[in-house]
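Each residue of the sequence shown is one higher than the last, beginning at 1 in the numbering used here.
Simulated from the structure, these hints should not be mistaken for laboratory data.
In this text, a Cβ means the ideal position worked out from N, Cα and C, and glycines have one as well.
Take these hints with a grain of salt, some might be off.
[Claimed, not checked] Quick list of simulated restraints, FRET-style, between CB atoms:
| no. | residue 1 | residue 2 | range |
| --- | --- | --- | --- |
| 1 | G90 | E23 | 32 to 38 Å |
| 2 | A86 | H11 | 25 to 31 Å |
| 3 | K103 | A37 | 20 to 26 Å |
| 4 | S95 | A16 | 17 to 23 Å |
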Amino acid sequence: MLRTAVIADDHGGFRAMARLLLEEAGFEVVGEAADGAGALSTVAALRPSLLLLDVQLPDTDGFSVAAGLAQTTPDTVVVLTSVRSAAEFGDRLASSPAAFIPKVELSGDALVTIVDGGE
């Protein structure tokens, strides 16, 4: 099964590291974005299996992007990521359609498991 991914994060260094992780796990990274608007348009155009999405973006937050994509591209699995822990987002994370992995715990295996349906 070909797994494709888009990475949306405003830090180029994180995007480069995430690309390596994803490629090592068998994903084909088909796009990147540095903000929420770019994430929305890139996912709409490319329809990836996975969007790895930073919670804090320059123009919006990842929760808003994830909610929008749940309506427009429900087949794309959205995984929010942050340097903060899940507990810091509380109800906002609990009501999100997206999965969450702290950046320090990010791994290719975890992303494969989420995309394949086992959160």
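Tested hints:
{"no.": "1", "hint": "G90 x E23: 32 to 38 Å", "in the structure": "33 Å, holds"}
{"no.": "2", "hint": "A86 x H11: 25 to 31 Å", "in the structure": "20 Å, violated"}
{"no.": "3", "hint": "K103 x A37: 20 to 26 Å", "in the structure": "22 Å, holds"}
{"no.": "4", "hint": "S95 x A16: 17 to 23 Å", "in the structure": "32 Å, violated"}
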